[in-house]
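Each chain, letter by letter, is given below.
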Amino acid sequence: MARPGTASRRELAARLAEHGIAAAEAFGRADLARRLSVLDEQGGSVVARVLVVGEFKQGKTSLVNALVGADVCPVDPDAATLVPVAVGWGPEPAAVALVAAGNGVESRPVETGALRDWVVENGGRAADGAVRGVEVRWPSEALRDGLAFVDLPDAGGLGSFGGALAVAALASADAVLFVSDAGQELTASELRLARRLASGGLPLALVETRTDIHPDWHRVAAADAMHVARFAGASFAVSSEVFGKGRAGGDEELVGESGIPEVLEWLGVEVVEGLDRRRAVAVAREVELTARALAAPLEAERAARQAPTEADGLARRLAGAQEEAERLRSAAGRWRQVLVDVFADLSGDLDHDLRAAARGALRRSEAAVDGLDPATDWARYEPELRRDVAGLVADHYENLEARIVAAGERVAGVFTHDAGTVRDLVRDACPQLSPWTGVALGDPPSLRGAARHRVGGQVLTLLRSSYGGALMAGFVGGVLGLAVATPAILAAGVALGAKGLRDENRRQLAQRRAEAKAAARKLVDDVVFTTAKDSRDTVRAAERRIRDFFAARADELVASASATLRAVREANDRAAASSTARLRDIEAELGRLDWLRERSRDVRTVLGEGAGGP
Amino acid sequence: MNVRTGPVPLLDRVRALVADARAVCADDPDRSEASEALRALTSRLDEPLRIAVAGRVKSGKSTLLNALVGEPLAAADAGECTRFVTWYRHGAVYRTLVEPRGGAPVSVPFRRAADGVHPDLGGYAPDDVERLIVEWPSPVLASSTLIDTPGLGSLTASLGERTTGFLVPDGSASPADAVVYLARHLHAHDVRFLEAFRDDDAGRPDPINAVTVLARADEVGAGRVEAMETAERVAQRYRRDPQVRLLCQTVVPVAGLLALGASLLSEDDFGAFRRLAAADTEAIEAVIVSTDRFGGREVDVGIPLDLRARLLERYGIFGVRLARELVRSGAVRNAGELAGELRRRSGIGQLNEVLASRFGARAGVLKARAALTALGHLIRAAPASDRVRLAARLEEVEAGAHELAEQRVLLALRTDALDLGDEETVEVERLLERAGTGTAARLGLDDDTDRAGVTEEIVTRVKRWHRRAEHPLASALTVDAARVVARSYEGMLLELG
Chain A
0 MARPGTASRR
10 ELAARLAEHG
20 IAAAEAFGRA
30 DLARRLSVLD
40 EQGGSVVARV
50 LVVGEFKQGK
60 TSLVNALVGA
70 DVCPVDPDAA
80 TLVPVAVGWG
90 PEPAAVALVA
100 AGNGVESRPV
110 ETGALRDWVV
120 ENGGRAADGA
130 VRGVEVRWPS
140 EALRDGLAFV
150 DLPDAGGLGS
160 FGGALAVAAL
170 ASADAVLFVS
180 DAGQELTASE
190 LRLARRLASG
200 GLPLALVETR
210 TDIHPDWHRV
220 AAADAMHVAR
230 FAGASFAVSS
240 EVFGKGRAGG
250 DEELVGESGI
260 PEVLEWLGVE
270 VVEGLDRRRA
280 VAVAREVELT
290 ARALAAPLEA
300 ERAARQAPTE
310 ADGLARRLAG
320 AQEEAERLRS
330 AAGRWRQVLV
340 DVFADLSGDL
350 DHDLRAAARG
360 ALRRSEAAVD
370 GLDPATDWAR
380 YEPELRRDVA
390 GLVADHYENL
400 EARIVAAGER
410 VAGVFTHDAG
420 TVRDLVRDAC
430 PQLSPWTGVA
440 LGDPPSLRGA
450 ARHRVGGQVL
460 TLLRSSYGGA
470 LMAGFVGGVL
480 GLAVATPAIL
490 AAGVALGAKG
500 LRDENRRQLA
510 QRRAEAKAAA
520 RKLVDDVVFT
530 TAKDSRDTVR
540 AAERRIRDFF
550 AARADELVAS
560 ASATLRAVRE
570 ANDRAAASST
580 ARLRDIEAEL
590 GRLDWLRERS
600 RDVRTVLGEG
610 AGGP
Chain B
0 MNVRTGPVPL
10 LDRVRALVAD
20 ARAVCADDPD
30 RSEASEALRA
40 LTSRLDEPLR
50 IAVAGRVKSG
60 KSTLLNALVG
70 EPLAAADAGE
80 CTRFVTWYRH
90 GAVYRTLVEP
100 RGGAPVSVPF
110 RRAADGVHPD
120 LGGYAPDDVE
130 RLIVEWPSPV
140 LASSTLIDTP
150 GLGSLTASLG
160 ERTTGFLVPD
170 GSASPADAVV
180 YLARHLHAHD
190 VRFLEAFRDD
200 DAGRPDPINA
210 VTVLARADEV
220 GAGRVEAMET
230 AERVAQRYRR
240 DPQVRLLCQT
250 VVPVAGLLAL
260 GASLLSEDDF
270 GAFRRLAAAD
280 TEAIEAVIVS
290 TDRFGGREVD
300 VGIPLDLRAR
310 LLERYGIFGV
320 RLARELVRSG
330 AVRNAGELAG
340 ELRRRSGIGQ
350 LNEVLASRFG
360 ARAGVLKARA
370 ALTALGHLIR
380 AAPASDRVRL
390 AARLEEVEAG
400 AHELAEQRVL
410 LALRTDALDL
420 GDEETVEVER
430 LLERAGTGTA
440 ARLGLDDDTD
450 RAGVTEEIVT
460 RVKRWHRRAE
470 HPLASALTVD
480 AARVVARSYE
490 GMLLELG
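In the order they appear, the protein sequences are chains A and B. Just so you know, we're using numbering that gives the first Met the number 0 here: the first sequence kicks off at 0 and counts up by one. Just so you know, we're using numbering that gives the first Met the number 0 here: the second sequence kicks off at 0 and counts up by one.
Keep in mind that a hint or two might mislead.
Pairwise CB distance ranges, derived in the manner of DEER restraints [to be verified]:
1) B:Asp299 / A:Arg191: 46 to 52 Å
2) A:Ala247 / B:Glu70: 38 to 44 Å
3) B:Asp447 / A:Pro108: 53 to 59 Å
4) B:Tyr93 / A:His217: 30 to 36 Å
Where chain A lies over chain B, by a calculated footprint (3+ residues, C-beta under 8 Å) [said to hold, decoys possible]:
5) 43-57
6) 283-293
7) 308-317
Calculated directly from the structure, the hints in this document are not laboratory data. These figures come from a predicted structure and were not determined experimentally. Each residue gets a CB set at the ideal place from its N, CA and C atoms; glycine is no exception.
Hey, can you work out the whole structure from these sequences and the hints?
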């Protein structure tokens, strides 16, 4: 299902990055070259994660199989999928299971034919709660462009976490497919969950399944499309069954009737293309800024050569700018102080909020236990408790992400302001320079997705971008981002051993309640402990990452300022004899950098304005 | 009730109690409301059992109701059509009534369409309608009144509230004696719904008076021909689920559309299936793959499009596939056999059996339970002078009724509150649930066990349970349960003579 344009869009970005890297290296700016190449590498490997969410037994797994074009995930008419399954591209079929081990999670290779054991309700291993998720690689054309589907366990089966898992998974997702059986209109709870999932601004499409067996699906689909019109990007009606038959028999007409190609088309345009475009625009922006940074010393040198009498003053003023840049880089940089403060507050606040939420859950549970007899009611109350706790964890992660983003933006604000001071100093020193931006200050980096959770010791924090998409330096989360299987939420799913509660002696009701409360408290404590630890680690990793990002920007700023100053001094020191020849060289170099800037601007114009790519 | 453990059956004692209460209220104009409620209660005790059909939106409530009656009465479509609580009860003539809020039912004209009976609301605004009543001469309705309720979890919140308000009214007893709860798969929502009704009051769904139906069972597993086997597997799993066991008696898969289709199957339909079966395999395979194709694709499969659309509407794609397969393989040779086979596979027979054994055979107890709850509500609202005396009478009846004691034990068993072994649990459940109708079946013996064998077995068990009741380490609840079980066995001995 390769769409025209995807490859060329990527190639365009890659070629532009190549030019930028070559230019940076030619001018001896390895730091800028490195940044571009990291960005470029990420561009090639970024995965667009599509959450597949819906209530119990709505045909989610069949839909994933149809979209992938292969029977990757086991489908069972009875048992439901129990653990999250991510399916992404790989040259060979392969799968790993993420299994709880000690305090962390380890991945174990799994035969792709034996997935059933690991993911399905009545499979052998899925039920014991240790399996956090399964990641599958499949050589499917539909996945080649970077799509990955995350099939989430149901949001409403007996003893499920409700929508908590889906909400917690939003942080790592790029789009959502909300799945509902075409045999009935969306229910109030489905609509609530769908609206909640769309509230974060991710593209969301409603997919009505099993149109092959519901004669009335046209009407249901039309009614549902109206229900979701305000927040969903699109609505589709599909039959995975018809698609499967069409695919098996090579019947293109059936494939077309199944509605599956339309979903893939939407994902291509909305998700893959959007991501590609943002990525290419980010590369173009960086190349443009790099070109400017490289041009600055040349322009300064030209100014110095053209007016030798003013060169001393120019050098003096540039030295002042460089000093300012050095300060920004040093421990005394204001942004560093802000970073430390903001994150200290952040940790404290998050911890406080988590504990307050836990206390709330405990109070609710104690009130509930006081109103029931654990001997008879525990079995029905326990899932409710677990849903409550899972919801608490999901809210915490959402809060965590928002707070990290806000903290990052504050730091970025201070940094941008102070770096702007350096820039202004330079501009004052040498008004002839084109807008001098020795550092990529274009937009503050966004940190959406920063709260990607940990799996074991491996930090999956992905500092991703929005704001036109400058992908932040560093890091693309491991594998397919199955970090969605937040250990804390899954921990909330482990049944409490509450045998003692069955004690039938009526006189001991008070004691049974006390035991039930203790069991509830233990669950809440365990989950809060796991969550707090995970969240501290995430915050620490985010802080480190933000510090590294701005430190690198400060280094670049210093390097740019030094290069400019050096260029002016050298021009001053050397004899004017070669001046004419040197000026010609400078013009030529500037011309080349201009060409690079032009090309970057072109790419941004072509892709940024939403034309369907070149 | 065929088990008599006291000189007077429970229902009669409840009748007497209601009559007493009526006497207290009689001639007192201040108590005309209570008097009216008691009058209604009296007639309710003589009416057929009231079974409410409840479930989420589009779980197939109306279709199932029609399948139970065997003809289309409740109009079903994919929208939220069941907007009112509608009572379907036996009547000598065909008529429909509208009961406005706070008023008496008024007879209104109706229109009979292929999909059901449509009463003409006349001047009543939908919000003013308390309930609709459809009276229909039908042997099924003669044995139990069926009550269709608006879907729960509907986007129109007020519809779901109607059902909740109907089944769990504030401050008074539920008008239904038993509940058939429909679900397509058991969902946390369904459980929460059933839980919401779990209460000490009878008349609300609980493991004594509720049965869960896995409705639209033909849609399980992509509507393939083997769908019903799969659905049975799903139901079996739910039956074992401790959460589900707390909420209902059992779980039965039913394909309502198939069952209704079987009742309506005509010679014409059979002819159509025969032509489908004889049609070119490739052509038929190409259209039977989806409802869109079957209902709209111009390919020669032996029958015209309008007929195909009708078959689809009546049997569903699963029914069409199944019927064609049955005819093609020669498993059935005429309309009667096809109808029988479709009916058998639909699971409606199993549901009927379950309703007969779990509700029908216990109608007296269920009605008595519901009436005692209603009485309790009335007594609590009565003036103090009457309250004390009537409450004592009520308690006497409740405590003295072995039938109710049996239900209590069953409830305790379901909640795992008794320290019984696995075998004992099975034995007691079989005895008290009356799953089988015959004595041997209730004992878990072979049907051909002779009378002497049965008697001997019962005597052994009575002794065993008496010993169980005297076990020094047994808990109070278990002691109580053992006594009740022993007494039930003794009742069986009495019956055998």
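Right, here's what the structure says about each hint:
{"no.": "1", "hint": "B:Asp299 / A:Arg191: 46 to 52 Å", "verdict": "holds (48 Å)"}
{"no.": "2", "hint": "A:Ala247 / B:Glu70: 38 to 44 Å", "verdict": "holds (41 Å)"}
{"no.": "3", "hint": "B:Asp447 / A:Pro108: 53 to 59 Å", "verdict": "holds (58 Å)"}
{"no.": "4", "hint": "B:Tyr93 / A:His217: 30 to 36 Å", "verdict": "holds (34 Å)"}
{"no.": "5", "hint": "43-57", "verdict": "holds (count 3)"}
{"no.": "6", "hint": "283-293", "verdict": "holds (count 5)"}
{"no.": "7", "hint": "308-317", "verdict": "holds (count 5)"}
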